[in-house]
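Enquirer: Sequence:
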Amino acid sequence: LLSDTPPVPPRRRERKRHTPPRPVSNGLPPTPKVHMGACFSKVFNGCPLRIHCTASWIHPDTRDQHILIGAEEGIYNLNLNELHETAIDQLYPRRTIWLYVIKDVLMSLSGKTPQLYRHDLLALQSKQSHRFTMHMNRIPERLVPRKFALTTKVPDTKGCSRCCVGRNPYNGYKYLCGAMLTGIFLMQWYDPLNKFMLLKHIECSIAQPPSVFEMVITPELEYPMVCVSVKQAYDKNRLKLDLINMNSGASWFHSDELEDMDGQATVVPRRENLQIINVTQLEKDAILVCYSSVVRIVTLQGRLKTNRKQISELHFDFPVESIVCLPDSVLAFHKHGVQGRSLKNGEVTQEIVDKSRSYRLLGSDKVVMLESHPLIKLGGTLTNDDGADLYILAGHEASY
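Each residue of the sequence shown is one higher than the one before, counting from 1203 in my numbering.
Hint data in this document are derived by calculation from the structure and do not stem from the laboratory. Beta carbons are placed, not taken as given, at the ideal position from N, Cα and C, and that holds for glycine. Wrong hints could be hidden among the right ones.
To be verified - In silico SDA-like pairs for lysine to any residue, Cα to Cα no more than 25 angstroms straight-line:
#1 Lys1244 <-> Ile1554
#2 Lys1507 <-> Asn1370
#3 Lys1438 <-> Glu1424
Unchecked claim - Label pairs and their calculated CB-CB ranges:
#4 Glu1275 <-> Lys1438: 20 to 30 angstroms
#5 Gln1477 <-> His1403: 52 to 62 angstroms
#6 Asp1530 <-> Lys1486: 15 to 25 angstroms
#7 Arg1505 <-> Lys1355: 17 to 27 angstroms
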């Protein structure tokens, strides 16, 4: 070898040995994960925003934990490590109904007529781009060259009403699906360009917006299927999942009204539409469906999943407004709080009830975020005029 040949860089594992561990994030202090240890921790008082959704993001340099808020008034940022400043900063001024964070990129459904947008979080956070001089910084956003823009529209997504994102554990790829009037588009995350790239558009007719829009991933299919509706089957012990196969464009909700019947009926009964609250894939053939006050775990065919280690049905004694799935339990949110139940035996694992306030789940992307309003003021009058208090649910991550 020549004497001026640069040394061979160390292998990754050797280099990693000398790297000090980074803190997970800077924000709220950790809460002990104990049985019945859940609590609401207030992070903002009197927020005037009309919030639709939230997402969480950890700044790669400061390691500060941020809550990103999608609201009628735009996209806002709350730094959990700077709560003493009691400030929420606007990142983007358009109405936003959906958020998703991937590798310092924020995807959103924004605008009066929703469209998919891509936002550079680091650049938005710093409020300036070091690619420009000060003079260049004064150029209106719409005139900035596309490759330098902090926020860009994703082409051909105007009118998108719902989005969902999922990772295929069998090939490692991350996919994004969006519901349009003309059908469903499928995108895949592409690391070299740090963006989602369009793969295909499947033409189909679905409700707008669809009552359900969640991915279902199976080992034998490269691309996901999308669940767009769940109905009660004629057999009361079974549900009917309406699935669209993004691999072929075929739908699994063809006209099969007679398949569950004995062939002797002269009148075909209508299927009962359910007010679906949540659909979440737990395993390759285990789909959690929540409606009314019931949680069912079913197969792709809608039959109750039999598993010795996990129950297949949960019943709550209140109307469930939203749920969050944990590895071993389900958190069911109602108007006055939350109740957690074990998926192993159905026992109550967490419970918070506050009849003096109303609560609403805003998002559960790594951080469970809620808003709360007092129901009655000291004067005895109903009020919602003082804005919402924002809370984080802590201490709920494990049942024991």
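Enquirer: Straight-line Cα separation of Lys1438 and Glu1424 no greater than 25 angstroms?
Expert: violated (33 angstroms)
Enquirer: Mind checking the hinted window 52 to 62 angstroms against the Cβ distance between Gln1477 and His1403?
Expert: violated (30 angstroms)
Enquirer: Do the beta carbons of Asp1530 and Lys1486 sit within 15 to 25 angstroms of each other?
Expert: Cβ of Asp1530 to Cβ of Lys1486: about 18 angstroms, so the range 15 to 25 angstroms holds.
Enquirer: Does the alpha-carbon distance linking Lys1507 and Asn1370 stay inside the 25 angstroms limit?
Expert: Distance ~22 angstroms between Lys1507 and Asn1370 Cα, so the pair holds.
Enquirer: Assuming the hint says 20 to 30 angstroms, is it satisfied by the Cβ distance from Glu1275 to Lys1438 or not?
Expert: violated (45 angstroms)
Enquirer: Could you check the hint for me, namely that Arg1505 and Lys1355 are 17 to 27 angstroms apart, CB to CB?
Expert: violated (43 angstroms)
Enquirer: Would you mind confirming whether the straight-line C-alpha gap from Lys1244 to Ile1554 stays at or under 25 angstroms?
Expert: holds (14 angstroms)
When each numbered hint is compared with the structure, violations occur for hints 3, 4, 5 and 7.
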